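Under this note's numbering, the residue at position 70 of the sequence shown is numbered 198, and the numbers go up by one with no gaps.
Hints are not guaranteed to be accurate.
[Unchecked claim] Computed beta-carbon distance windows for the label pairs:
(1) T202 <-> I155: 52 to 60 Å
(2) A160 <-> S211: 17 to 25 Å
(3) E147 <-> S211: 50 to 58 Å
(4) G198 <-> A170: 20 to 28 Å
(5) G186 <-> K223: 40 to 48 Å
These aren't lab readings, by the way, just hints derived from the structure by calculation. Please read all numbers here as calculations on a predicted model, not as lab measurements. By construction, the Cβ of each residue, glycine as well, lies at the ideal position given by its N, Cα and C atoms.
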Amino acid sequence: MFLASIPLLGYHQIAKLMEDSTARKRIALILAWALSLIIIGAIARAQTPAQRGVIISGSDLGFRVERRRGNRVTGTLVVRVNSEWLVAEPAEGVKALTVK
129 MFLASIPLLG YHQIAKLMED STARKRIALI LAWALSLIII GAIARAQTPA
179 QRGVIISGSD LGFRVERRRG NRVTGTLVVR VNSEWLVAEP AEGVKALTVK
């Protein structure tokens, strides 16, 4: 009964339906691909470590700027080890310079 209600389609009509279906599949594939690139980009960006402040540096020694107050800058002395900036701590027995 149900099959009798479906109109018979000619070759050109079937070809047109197939083309429409193929075009929809291509568009869906392109949209899925673009969405996957956006998602992968967001995940990759989330994996990079957050940089705290600007580092004024030479090749292996730098100063990480944490704050500016007028014409003064406060921050941390850092050293590059294996392409990573680490906070430098003074060795025991070293005395800080003081201005009197």
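May I ask which of the numbered hints given earlier this structure violates, with the numbers listed in increasing order?
When the structure is compared with the hints, numbers 2, 4, 5 turn out to be violated.
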